[in-house]
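Q: Residue numbers (our numbering), protein chains in the order written: chain B, 1 to 733; chain E, 1 to 378.
Think of the hints as simulated: they come from the structure by calculation, not from any bench. Wrong hints could be hidden among the right ones.
To be verified - Per label pair, the in silico range of CB-to-CB distance:
1. E/L64 / B/R128: 40 to 46 Å
2. B/K273 / E/T337: 24 to 30 Å
3. B/E82 / E/R172: 36 to 42 Å
4. E/A102 / B/E270: 21 to 27 Å
5. B/Y537 / E/K109: 54 to 60 Å
6. E/G41 / B/Y537: 58 to 64 Å
7. B/S432 / E/L64: 52 to 58 Å
8. B/L101 / E/R172: 55 to 61 Å
9. E/I188 / B/E726: 29 to 35 Å
10. E/E131 / B/L101: 50 to 56 Å
11. E/G269 / B/A708: 42 to 48 Å
As the list claims (entries may be wrong) - A short, non-exhaustive set of chain B residues, derived as facing chain E with CB atoms under 8 Å:
12. N27
13. S44
14. A266
15. L268
16. G544
17. D572
18. I575
19. S577
20. F629
21. S631
Nothing here was measured: the structure is a model prediction, and the numbers come from that model. The C-beta atom is built at its ideal place from N, Cα and C for all residues, glycine as well.
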Amino acid sequence: MANNILEVKNLKISFRTNSGTVKAVRNISFNLQKGETLAIVGESGSGKSVTSKAILGILAGNSIVEGGEILYDGRDLLKITEEEMCKIRGDKISMIFQDPLSSLDPIVKIGKQITEAMLLKNKTNRKRARAEFNTTLRYLKEAMLASAARTDKSEDQIAEMIKTFDDFNILAIRLENSYNAARAYAEELKAQLENFLYMAEKKQKLDVKRDLGEYIQTLGRVKDDFLTAGYDAQLASTIATLERCRSGYKAPIGKDGKPQTYVLSAELTEALKDLVENLLTEILERPQPNFFRIGYYVYKNPNVVLDKRDINALNEMAVKYLDETYMAEFIKYETMAIRYSAEKSLECKKKVLDELAKARDYFLNTPRIEKGATKEVVAALCKVVESSIDRLEYNKDNIAYTFSSSLKTAANKYFTYEKLNPKEERRYARQSAKREALIARGKKIDWKVVPKNVYDLEDLRDDCVSVIDRLERKYKADIENFESRDFDKNAVGLIDYLKAHASEVVYKITKRMAKEKAIKLMEEVGIPEPRTRYNQYPFEFSGGMRQRIVIAIALVANPDILICDEPTTALDVTIQSQILELINKIKKERQLSIIFITHDLGVVANMADRIGVMYAGKIVEYGTSEDIFYSPAHPYTWALLSSMPDLDTNEKLEAIPGTPPNMIYPPVGDAFAERNKYALKVDFEVQPPMFKISETHSAATWLLHPDAPKVDMPKIIKERIARMNEKGGNEDV
Amino acid sequence: MSDKKYPEVQTGEVLLKVEELSQHFGPLKAVDKVSFDIKKGEVFGLVGESGCGKTTTGRTIIKLYNPTGGNVYFKGQRIGAGLLGYKEAIKSANAQAKEEVAALEADSKANPDKKAENDKTIAEINAKLKETISENKKAMARAKRENANVDRDLVTQIQMIFQDPVASLNPRMTVREIIAEGMVIKGIKDKKYIDEQVYDVLDKVGLVREHAGRYPHEFSGGQKQRIGIARSVVMRPEMIIADEPVSALDVSVQAQVINLLNELREELGLTILFIAHDLSVVKYFSDRIGVMYFGKMVELADSDELFRNPMHPYTRSLLSAIPLPDPNYEKTRQRITYAPLRDHDYSVEKPSFREVVPGHFVLCSDSEEKKYRESVEG
Numbered sequence: 001m002a003n004n005i006l007e008v009k010n011l012k013i014s015f016r017t018n019s020g021t022v023k024a025v026r027n028i029s030f031n032l033q034k035g036e037t038l039a040i041v042g043e044s045g046s047g048k049s050v051t052s053k054a055i056l057g058i059l060a061g062n063s064i065v066e067g068g069e070i071l072y073d074g075r076d077l078l079k080i081t082e083e084e085m086c087k088i089r090g091d092k093i094s095m096i097f098q099d100p101l102s103s104l105d106p107i108v109k110i111g112k113q114i115t116e117a118m119l120l121k122n123k124t125n126r127k128r129a130r131a132e133f134n135t136t137l138r139y140l141k142e143a144m145l146a147s148a149a150r151t152d153k154s155e156d157q158i159a160e161m162i163k164t165f166d167d168f169n170i171l172a173i174r175l176e177n178s179y180n181a182a183r184a185y186a187e188e189l190k191a192q193l194e195n196f197l198y199m200a201e202k203k204q205k206l207d208v209k210r211d212l213g214e215y216i217q218t219l220g221r222v223k224d225d226f227l228t229a230g231y232d233a234q235l236a237s238t239i240a241t242l243e244r245c246r247s248g249y250k251a252p253i254g255k256d257g258k259p260q261t262y263v264l265s266a267e268l269t270e271a272l273k274d275l276v277e278n279l280l281t282e283i284l285e286r287p288q289p290n291f292f293r294i295g296y297y298v299y300k301n302p303n304v305v306l307d308k309r310d311i312n313a314l315n316e317m318a319v320k321y322l323d324e325t326y327m328a329e330f331i332k333y334e335t336m337a338i339r340y341s342a343e344k345s346l347e348c349k350k351k352v353l354d355e356l357a358k359a360r361d362y363f364l365n366t367p368r369i370e371k372g373a374t375k376e377v378v379a380a381l382c383k384v385v386e387s388s389i390d391r392l393e394y395n396k397d398n399i400a401y402t403f404s405s406s407l408k409t410a411a412n413k414y415f416t417y418e419k420l421n422p423k424e425e426r427r428y429a430r431q432s433a434k435r436e437a438l439i440a441r442g443k444k445i446d447w448k449v450v451p452k453n454v455y456d457l458e459d460l461r462d463d464c465v466s467v468i469d470r471l472e473r474k475y476k477a478d479i480e481n482f483e484s485r486d487f488d489k490n491a492v493g494l495i496d497y498l499k500a501h502a503s504e505v506v507y508k509i510t511k512r513m514a515k516e517k518a519i520k521l522m523e524e525v526g527i528p529e530p531r532t533r534y535n536q537y538p539f540e541f542s543g544g545m546r547q548r549i550v551i552a553i554a555l556v557a558n559p560d561i562l563i564c565d566e567p568t569t570a571l572d573v574t575i576q577s578q579i580l581e582l583i584n585k586i587k588k589e590r591q592l593s594i595i596f597i598t599h600d601l602g603v604v605a606n607m608a609d610r611i612g613v614m615y616a617g618k619i620v621e622y623g624t625s626e627d628i629f630y631s632p633a634h635p636y637t638w639a640l641l642s643s644m645p646d647l648d649t650n651e652k653l654e655a656i657p658g659t660p661p662n663m664i665y666p667p668v669g670d671a672f673a674e675r676n677k678y679a680l681k682v683d684f685e686v687q688p689p690m691f692k693i694s695e696t697h698s699a700a701t702w703l704l705h706p707d708a709p710k711v712d713m714p715k716i717i718k719e720r721i722a723r724m725n726e727k728g729g730n731e732d733v
Numbered sequence: 001m002s003d004k005k006y007p008e009v010q011t012g013e014v015l016l017k018v019e020e021l022s023q024h025f026g027p028l029k030a031v032d033k034v035s036f037d038i039k040k041g042e043v044f045g046l047v048g049e050s051g052c053g054k055t056t057t058g059r060t061i062i063k064l065y066n067p068t069g070g071n072v073y074f075k076g077q078r079i080g081a082g083l084l085g086y087k088e089a090i091k092s093a094n095a096q097a098k099e100e101v102a103a104l105e106a107d108s109k110a111n112p113d114k115k116a117e118n119d120k121t122i123a124e125i126n127a128k129l130k131e132t133i134s135e136n137k138k139a140m141a142r143a144k145r146e147n148a149n150v151d152r153d154l155v156t157q158i159q160m161i162f163q164d165p166v167a168s169l170n171p172r173m174t175v176r177e178i179i180a181e182g183m184v185i186k187g188i189k190d191k192k193y194i195d196e197q198v199y200d201v202l203d204k205v206g207l208v209r210e211h212a213g214r215y216p217h218e219f220s221g222g223q224k225q226r227i228g229i230a231r232s233v234v235m236r237p238e239m240i241i242a243d244e245p246v247s248a249l250d251v252s253v254q255a256q257v258i259n260l261l262n263e264l265r266e267e268l269g270l271t272i273l274f275i276a277h278d279l280s281v282v283k284y285f286s287d288r289i290g291v292m293y294f295g296k297m298v299e300l301a302d303s304d305e306l307f308r309n310p311m312h313p314y315t316r317s318l319l320s321a322i323p324l325p326d327p328n329y330e331k332t333r334q335r336i337t338y339a340p341l342r343d344h345d346y347s348v349e350k351p352s353f354r355e356v357v358p359g360h361f362v363l364c365s366d367s368e369e370k371k372y373r374e375s376v377e378g
């Protein structure tokens, strides 16, 4: 599946504590697709927060990652260095925390907290984007030069071509940034003015002098050659009118002796209305210039003065100019380069297949693998694989990129446990013997023997082999699909990729811009009077408001993945649904992928595309939200659903008895068996596997086994589902 | 003043009566003239968004704050009185007198022959003003005195359960000490009796004797909330103010705590003021519900009636925001937004709290009342 943005595979995490190792996450796997919301539901202590923290690399110090992989953008997040993680954390993957109290700094003003990351990240981002842009361009250049050997172009010509691309791209984005800034001011001003007029109409208290001053300032910033071409005179005259009205403004005194601040003079009202309805609307409705093309034109003809009044004509001209003089040729050579690079990598891949087979043979058939020899085999293999990666492929291939780290970790684990296993066995034997001796002496014992933490060495060896197998499968598929690859499409994709990076290089945030952006964000997340609030401290905010600030901070960096760890638990319904709507809206606008962690199934129904229900460190049911709500299969899901009242519930709620199991001593069978009134005998003895119910839906309960007795879900849920179906059915009619 | 304006408290029926309760923190009107009453044995739900003053209302009733204005009666006895009403009365009397005097003086200037007569009237007005002021001042003094010397035994019959089970339990006290603290303060010294009571109440809330010697941090969230409940129940209260008792808990534990509260209510005949923002829970648990918005009570009705027939636009918006475990419904759900400026026009008629349908009160103006009536009939 190509559109998996994040994959978690066989993740196992435990925590070292004084009383033993707590198994917090036990072998869970899931994937997150681009633009979808995956909800993870479970009680506190089920390991859902631990999973999300592992993704961000912020696990507590006493945690042990026992195994598994978290794959993102060609990297395994469990294995990269802290420096690399810093580039991802907060920027690509962001998190909204559960407790707004503890996630804000009490002695730093809200505004600073929102803008801080913006400013810092912007600086490093520019550097990083520049570096990435340059590396990709360098690879492209190398490939072009290599492939150009077969054509008529000289080395210098190729270098010139690349340089032109680099330069005009950056120039184009500079123009675009200036345009966008001016446009943002215009949009903001329009919204503000509409609000101002509305308030005046409704006879609300206004501070006309201050507001007008602000509007005049903002209007002064609506200034860009491309945006306001042809409107300069009109803008200047409007500003003059507003200035005049402002200096001459005095609120009339009403009957009650108080000034009526909402009464505006006819001239002022007229001017403002004209500004909103005609001038700003017209400016905003103008077609957007195609800066990528225009940038090239300006780069080539720096002295030509463009007629910016007719944007459409300008666009057309620029497109023609670019295609004729540059782009067609560039794309031709680029495609060639990409094909060359892919072909080269294909050859390497064929070689790699042989090496892989050899290595697998080594892991499978050597009776006792030695540490030194294995290290050599692994290093040699990694080198070959490294060289086979096609660097011009902008869709990074997770498996090849993470291959070396995965294989090394798997091998290391084998050798670690080869050493640790006997020790652990001895400890277990010693403690058990002690316990039995005490019991034999008739003592009452209130402690249990900590279960042994040993691994089957054969399994660990198989892990190494599976890493190799996975790459082999992937490369075989690549080789097979090579003929059907569309290199023209790849070429365009690569240009887009470079364009995106170029825009990051140029995108510079000043303190002022950061403040405006922060205020806009604060408004977006529903904080009234953001300008005043900007300078306040967290303690001056209520809980709901604080959570909004946290959300604003999380959204600042425009992340790819947003992890929401119980974001609305502390909020009330209206705010909750506002925040959920907000998250949904942002998700759509920015193509965000969301991992939504909660214990409240009601919230999930609105948000999630797919749901994983977690209990005691395992995912017990996994399916689309329709699957989970309309045909839940696991008794734990039933229990969760029946313990929450909906608006038609009158009978006694079915609370889940007892508490979750102590994960220092994880249960042998199904972890939920003890609290489950539908538990079968086998539930206490053997862990149920995931039974597949449909393509999207699976659950880990023995009740789904063909030999299991038929058990109906609780009445309360059955009735509710019937009600929901009825409601849905009525709507269809 | 209040004695004339409001009918006598009907004892037996109404346990707690809140009238025109105001709680101002400086310029912030956290609670602004809220009135309701709670009958014996019922669960009264108070909902609204955070910052709307529902918690402040609860805390003012139990006298964690002294009210700014209005009165709180418990079992017919005034346990809280605010001075705002009296102050306002003095102010308005002052203003009125001033106006009248000014008019008369102007009259005297215009017609000097009437001066003597006018002076006499002015003197009368001033005398009357003085009387009003002194009356109100006396009432204020009485209210202050009453506030200071509230019958302690009476107030102990109202107990509170707090929202955050972690923050509301002293980490340095054992469960026994926490539960027994109220009795100790009340002056009970018999250790054996206290222990008996503690074990008894622990049993009632579903904990065991052994828990009494432990510290709060050894318990899970649901158990901590049970301790909070035990602490309030041990005083044998008639009424409990439950301030968001389940909102900090997991869904599965929420059900346990709600079931527990329900059992206790039946067993002990408790009256409960249930403050919460989760409407599904409030609906499930309460007999009557009051909806608050920015310090004002905007709607009050039986819970079924309120959900069947919400009138105030704010209530409608609140109801439209409830999340339900039904994906298809959720995907099509339209949230109604509430904007006071857009939804009401109060520039001409001022709104007041009135009974539109028997038992169903709404804050509305005349024209709105008519509209609501029609909507009910239609």
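Q: Now, for every hint given, state plainly whether the structure supports it.
A: Each hint tested on the structure:
no., hint, result
1, E/L64 / B/R128: 40 to 46 Å, "violated (54 Å)"
2, B/K273 / E/T337: 24 to 30 Å, "holds (26 Å)"
3, B/E82 / E/R172: 36 to 42 Å, "holds (38 Å)"
4, E/A102 / B/E270: 21 to 27 Å, "violated (42 Å)"
5, B/Y537 / E/K109: 54 to 60 Å, "holds (57 Å)"
6, E/G41 / B/Y537: 58 to 64 Å, "violated (45 Å)"
7, B/S432 / E/L64: 52 to 58 Å, "holds (56 Å)"
8, B/L101 / E/R172: 55 to 61 Å, "violated (21 Å)"
9, E/I188 / B/E726: 29 to 35 Å, "violated (57 Å)"
10, E/E131 / B/L101: 50 to 56 Å, "holds (53 Å)"
11, E/G269 / B/A708: 42 to 48 Å, "holds (46 Å)"
12, N27, "violated (23 Å)"
13, S44, "holds (5 Å)"
14, A266, "violated (21 Å)"
15, L268, "violated (21 Å)"
16, G544, "holds (5 Å)"
17, D572, "holds (3 Å)"
18, I575, "holds (6 Å)"
19, S577, "holds (4 Å)"
20, F629, "holds (5 Å)"
21, S631, "violated (12 Å)"
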